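Chemist: If you want the building blocks of each chain, they are given just below.
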Amino acid sequence: MAETVMGLHQEELQHPELLHHFAEPEQQRNAASLGMWVFLGTEIMFFGGMFCAYLLYRHWYFGDFGAASNSIDATLGAVNTAVLICSSLTVVLAVWSAQTARRALLLAMLSATMLFGLAFLGIKGYEYYQKFEEHHVPGPSFSFENVRIPRHPGEYANPRHAQIYFSLYFLMTGIHALHMVVGLGIFSWLLLMAWKGRFTPTYHTPVEIGGLYWHFVDIIWIFLFPLLYLIDRHP
Amino acid sequence: MSMPNVVPQQRFERENYLNQEYGIWSWLLTTDHKRIALLYLVSITFFFFIGGFFALLIRLELLTPAGDLVQADTYNKLFTMHGMVMIFFFLIPSIPAVLGNFLVPMMIGAKDLAFPRINLLSWYLYIIGGTIMLHCMMTGGVDTGWTFYVPFSSNYTNTKFVEAGIAIFIAGFSSILTGLNFVVTIHRMRAPGMTWSRLPLFIWAHYATSIIQLLGTPVIAITIVLVACERALHLGIFDPRLGGDPLLFQHLFWFYSHPAVYIMILPSMGVVTEIIPCFSRKRIFGYSFVALSSIAIAVFGFLVWAHHMFVAGMSVYAGLVFSFLSYAVAVPSAIKVFNWTATLYKGSIRYDAPMLYAFGFLGLFTIGGLTGLFLAALGINVHVTDTYFVVAHFHYIMVGGAVMGYLGGIHFWWPKISGKLYPEGWARLAALIVFLGFNLTFFPQFILGYMGMPRRYWDYSHMPEFQVLNVLSTAGATILGVGYLLPMVYLLWSMRYGKPASDNPWNAAGLEWKTASPPPTLNFEEQPVVTWEAYNYAELDAPPRMQEVPVG
Chain Z
5 MAETVMGLHQ EELQHPELLH HFAEPEQQRN AASLGMWVFL GTEIMFFGGM FCAYLLYRHW
65 YFGDFGAASN SIDATLGAVN TAVLICSSLT VVLAVWSAQT ARRALLLAML SATMLFGLAF
125 LGIKGYEYYQ KFEEHHVPGP SFSFENVRIP RHPGEYANPR HAQIYFSLYF LMTGIHALHM
185 VVGLGIFSWL LLMAWKGRFT PTYHTPVEIG GLYWHFVDII WIFLFPLLYL IDRHP
Chain H
24 MSMPNVVPQQ RFERENYLNQ EYGIWSWLLT TDHKRIALLY LVSITFFFFI GGFFALLIRL
84 ELLTPAGDLV QADTYNKLFT MHGMVMIFFF LIPSIPAVLG NFLVPMMIGA KDLAFPRINL
144 LSWYLYIIGG TIMLHCMMTG GVDTGWTFYV PFSSNYTNTK FVEAGIAIFI AGFSSILTGL
204 NFVVTIHRMR APGMTWSRLP LFIWAHYATS IIQLLGTPVI AITIVLVACE RALHLGIFDP
264 RLGGDPLLFQ HLFWFYSHPA VYIMILPSMG VVTEIIPCFS RKRIFGYSFV ALSSIAIAVF
324 GFLVWAHHMF VAGMSVYAGL VFSFLSYAVA VPSAIKVFNW TATLYKGSIR YDAPMLYAFG
384 FLGLFTIGGL TGLFLAALGI NVHVTDTYFV VAHFHYIMVG GAVMGYLGGI HFWWPKISGK
444 LYPEGWARLA ALIVFLGFNL TFFPQFILGY MGMPRRYWDY SHMPEFQVLN VLSTAGATIL
504 GVGYLLPMVY LLWSMRYGKP ASDNPWNAAG LEWKTASPPP TLNFEEQPVV TWEAYNYAEL
564 DAPPRMQEVP VG
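Protein sequences appear in the order of chains Z and H.
Our numbering applies: residue 5 is where the first sequence begins, and numbers increase by one.
Our numbering applies: residue 24 is where the second sequence begins, and numbers increase by one.
Just so you know, the hints here were simulated from the structure itself, not pulled from any lab data.
Quantities reported herein were computed from a predicted structural model and do not represent experimental measurements.
Among the clues, some could well be false.
Some chain H residues flagged as far from chain Z (calculated, every beta-carbon gap over 10 Å) [as the list claims (entries may be wrong)]:
| hint | residue |
| --- | --- |
| 1 | A95 |
| 2 | G163 |
| 3 | R211 |
| 4 | R221 |
| 5 | H274 |
| 6 | T364 |
| 7 | Y368 |
| 8 | Y483 |
To give an idea of the chain H side of the interface with chain Z (calculated C-beta under 8 Å), a few residues [what the hints assert, rightly or not]:
| hint | residue |
| --- | --- |
| 9 | E36 |
| 10 | R37 |
| 11 | L41 |
| 12 | F138 |
| 13 | V206 |
| 14 | V207 |
| 15 | H210 |
| 16 | L238 |
| 17 | G259 |
| 18 | D268 |
| 19 | P269 |
Ideal placement from N, C-alpha and C gives every residue a C-beta, glycine not left out.
Using the sequences plus the hints, can you model the full thing?
Modeler: Right, dumping it as C-alpha cells:
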C-alpha cells in the first residue's frame, strides 16, 4: 500500500500535467487528440451548411457566379493560399520542436505561424476593402450592373444572383477569418506556455491539438479558394 | 493493508460527492460530472415548468371554440415558446445532460468524463442560452413557430427572432460539447475489461445520441446564422424575390431537426433498456441487435429529414425516396421494441415505479412510431399535414417516449443520485397518473387531426364539433400536470426524509451499482476491473449455495 502511494506520488511528480481522472499520460493525450478530431468533425458540418448553399446556387446561377467570381482578385487569393500553406509548415515544425525539446525553435515557429496568420488576415482585409470600394458588399448599396457573363457574348449577369454569390463569399470567408482569429488566440496562449517552458517531450499535447485546429482552418481555405476564386478563370 | 498514516476523524456518514464540500461555489465551480448532472437537473426542471406553463395556456385557449382567452398574436407566441423551450432547453439536454452526465463515467468505470472543465462549460453555455431565451420571452417573445420558417422569420415577423436564435445557437454548443465529451469518454476512459460488447446499452444509446448531436447541431447553428444575416442584411439566400430558395432553409433546418428527435428518444431507449432487464431479472434479449440498432437509428435518422417537406413543393421523386427511407428507419426502432418484449417473456417481472414508466414508454412509443409510419406515407401525409394528427404523433414520441423514459430513469437511479429511497407508493401513483393524463391529452388529438383540425389555430369557432375532444384533451393536460408535479414534490421530500438507500437497492447489474450510494467524488474506491458480461442477472440471482462449491 505504502509503495503504491509512493509510486503514485512519483508518477504525479513526473507528470505534473496528468489530470486526476486519467490513469496515465498516454490516455490523457489520446483523449485530447480524439476530442479535437471530433470537434473538427462538427466544424465540417458547420461549414457544410454553407458549402451546400453554395453548390445549390452555383448550379442554379452558373453564369452569374462565374461573372461574380471573376471580379475577385485571384492573385491576392493565391498569395493567401501560399501564406496559409507556409503557416501549416511552421505549425508542423513547431510540433516537432516541442517533441524534440527545441525551445527556441518552438518559440520561433509559433511566432512565425502567427505572423503568417496575421498576414493572411491583412490581405483578406484588403480584399474586403476592394469589394467595398466596388460596391460588391451585399445590401442597399450593392451594384453589379452590366457585367458580362464569361464566354456568353451579349449576356449580362443578374445583379441579384451575383449578390447571392457575394453573400456567400462574405459569409464563408468571414466565418473562416473568424476561425483564424480564434486560431491566433490559441497560438498566443501556446506561445505564452512555451515561453514559460511548459512543453516537454513527454507533454506537448496542446501544441499538437492546437496544430490540428490550425491545419483544419487551412484545409477549409483550400476548398474555399477554388470555389470562390477560380471557378471561371481562363487564360 | 497497513494503516494509513493519518487516522481519519470519526465520521457518521461516508464521504460522498454530495457532502464532500459545501457552499455555492463548490457547486458553481465544480468539475465533478455528478454535480454538473444535478446542476442540469435543476435548470432543465425550471425550463420544463416554463414550457409546461405555455402548454397549459395553449390548452386553456382551446377549451372553447372561440379565441377568447388570448389574442391570435399571443397564441402564436405561446406555441412558439412552448416548442422552443421544451425542445432546446428541456428535451435535448434532458437525459443526456442529467442521467448521461451522471452515469456514463460510472457505467464504464471511469473517474469522470474525459473533459470535466468542458462539461462545466457546457452547463454555463446552457445557462447563458437559457437566460437569453428568458429575456427574449419576458420582453416580447417570438411568434415564428419553433421551426422559424423563412420568409416569415427572415422578412416579416416583428418579434424577437434574432434573440431567440442567439439563445438556441448558444444552447446548441452546449449540446455539442456534451456529445463530444461522451464520445471521447466512451472511446478512451473505459475500465480494464469493459469491452465494447460488455458496455451497458445505455452507453450505446448515448454514443449514438452523441453522434447526432455532433453532426447535426452545427448545421442548425449555421442555419440560424444564415437566417439572422438574411434578416439583418437582406442577402437573398432564402428570399425568392432576390433569387433565393426558401426550400433550402427547410432542408438545412430539418437536417438537424429531424435527427434531433432521435437525440430525444435514443437516450430514453437506453434508459428503458436498463430498466426492463432489471425488473424482469433477465439478460437483455439480443444484446448486439439492440446496440447496433441505436447506431442504425443515428445513421438512418440523417437520411429522412425531407419527410417534413412533402407538401412544401419538393420533387415528387425525392418524396418517394424520403418516404421509403422513413419506413426504413422504423426497422431498427421495431427491433428494439421486439427485443424489449422478448426480454419480458418468462421474466420475473416486478412492477416498481421505474418499470411502470418503462411499460408506459413501450406502449406510447409504439403508438407514436406507428403513427409516424402513417405520416411517412405520401398520401396520408398530404391529408394530415399541419393538423393535430402531427401534433399528437410527435407528442407520443417526445412526451410519451422521451419524458416517460426520463422519469423512469430518474426514479431508477434516484437512490444512486441522492442516496435516499423515494416513496414507492406515491411513485407508482404518479406513473399511473402520467400515463392516464398523457393518453387523455393526446389521443383525442389524433382524432381531431384526422377530422381536419389544423395545428397552430387559436380559434375553431367555425367547427364547434371539435370542442368535445378539445375539452377531453385539456382535462387530460390538467391531470398530466398533476402527474408531473407529484414526482417533484416527493423526490424533494425524499432527499431529506427518505430512507437511506443501500448501494444496490434494485439488485441491478452494472458498475454504477457496485459503488456507494451516493457515490464518492471519484466514483469508485478502487479502479474496477470488469470480468462479466452486461446484464448478468442469471448470475446475480443464482442461489447462494451454488457458490459454495468446495475447492477441490
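Chemist: Confirm or reject each hint.
Modeler: Hint check:
no.: 1; hint: A95; result: 33 Å, holds
no.: 2; hint: G163; result: 26 Å, holds
no.: 3; hint: R211; result: 4 Å, violated
no.: 4; hint: R221; result: 18 Å, holds
no.: 5; hint: H274; result: 8 Å, violated
no.: 6; hint: T364; result: 35 Å, holds
no.: 7; hint: Y368; result: 39 Å, holds
no.: 8; hint: Y483; result: 38 Å, holds
no.: 9; hint: E36; result: 23 Å, violated
no.: 10; hint: R37; result: 20 Å, violated
no.: 11; hint: L41; result: 19 Å, violated
no.: 12; hint: F138; result: 6 Å, holds
no.: 13; hint: V206; result: 5 Å, holds
no.: 14; hint: V207; result: 5 Å, holds
no.: 15; hint: H210; result: 6 Å, holds
no.: 16; hint: L238; result: 5 Å, holds
no.: 17; hint: G259; result: 5 Å, holds
no.: 18; hint: D268; result: 7 Å, holds
no.: 19; hint: P269; result: 12 Å, violated
Violated hints, listed in ascending order, are 3, 5, 9, 10, 11 and 19; each of the other numbered hints is respected by the structure.
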